[in-house]
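Chemist: Sequence:
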Amino acid sequence: MKEELSMIEKNQTWELVDRPQDRKVIGVKWVYRTKLNSDGSVNKYKARLVVKGYAQVWGVDYSETFAPVARLDTIRLLIARVLRYLKGTSCHGVKFTKSKELKLSGFSDSDWAGSADDMKSTSGYYFGLGSACFSWCSKKQEIVA
Numbered sequence: 001m002k003e004e005l006s007m008i009e010k011n012q013t014w015e016l017v018d019r020p021q022d023r024k025v026i027g028v029k030w031v032y033r034t035k036l037n038s039d040g041s042v043n044k045y046k047a048r049l050v051v052k053g054y055a056q057v058w059g060v061d062y063s064e065t066f067a068p069v070a071r072l073d074t075i076r077l078l079i080a081r082v083l084r085y086l087k088g089t090s091c092h093g094v095k096f097t098k099s100k101e102l103k104l105s106g107f108s109d110s111d112w113a114g115s116a117d118d119m120k121s122t123s124g125y126y127f128g129l130g131s132a133c134f135s136w137c138s139k140k141q142e143i144v145a
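For what it's worth, UniProt numbering labels the leading residue of the sequence shown as 1, then goes sequentially.
Careful: at least some of the hints might be erroneous.
[To be verified] Label pairs and their in silico Cβ distance ranges:
(1) Leu5 x Lys35: 14 to 24 Å
(2) Lys140 x Arg71: 34 to 44 Å
(3) Pro20 x Tyr85: 18 to 28 Å
(4) Glu15 x Arg76: 36 to 46 Å
[To be verified] Think about it this way: if two alpha-carbon atoms lie no more than 20 Å apart in a straight line, the pair counts; the simulated SDA-like pairs of lysine to any residue are:
(5) Lys44 x Met7
(6) Lys139 x Lys87
(7) Lys46 x Ser6
(8) Lys120 x Lys103
(9) Lys10 x Lys35
(10) Lys24 x Val57
(11) Lys103 x Glu142
(12) Lys2 x Lys24
(13) Lys29 x Lys46
(14) Lys139 x Trp112
(15) Lys35 x Val50
(16) Lys87 x Leu77
Honestly, the hints are just simulated from the structure, not real lab data.
No residue lacks a Cβ here, since even glycine has one placed at the ideal position from N, Cα and C.
Take the sequences, apply the hints, and build the full model.
Modeler: Written as structure tokens, this is what we have:
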């Protein structure tokens with residue numbers, strides 16, 4: 001529990017403030033879990049401080065909820081936007097050929113002190129849709145600390 005509280009303070013997860021007169025306090029509770037090894041022996045004990053969100057009333061205490069994942073219609077809009085962009089860039093030498101399979105692919109790579117001359121790192125990424133690359137970057141570290 002002490003470790004969890006120290007991490008909450010270190011990460012500045014919240015700050016302690018006086019309660020406004022027109023607000024109620026949302027409670028918290030400790031959730032304990034025992035992590036076991038494959039042989040059944042105790043590996044470690046975990047403690048998490050969680051907010052009792054179930055005590056809140058929709059429309060009174062909150063009005064929106066958010067999911068940390070993308071919805072399918074959002075992904076479709078993003079792909080449509082990329083396709084419209086690619087269609088308008090043919091005059092710049094960007095070609096997008098029709099393909100049976102429109103597979104979204106991505107690749108990233110980096111090396112640590114990869115240049116033997118100056119010991120600088122290089123990193124880069126590539127994103128493609130079907131047979132066309134629509135975004136790429138290659139960058140060499142500017143300063144070595």
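Chemist: Honestly, which of those hints from before does the structure not fit?
Modeler: 3, 6, 8, 9, 11, 12
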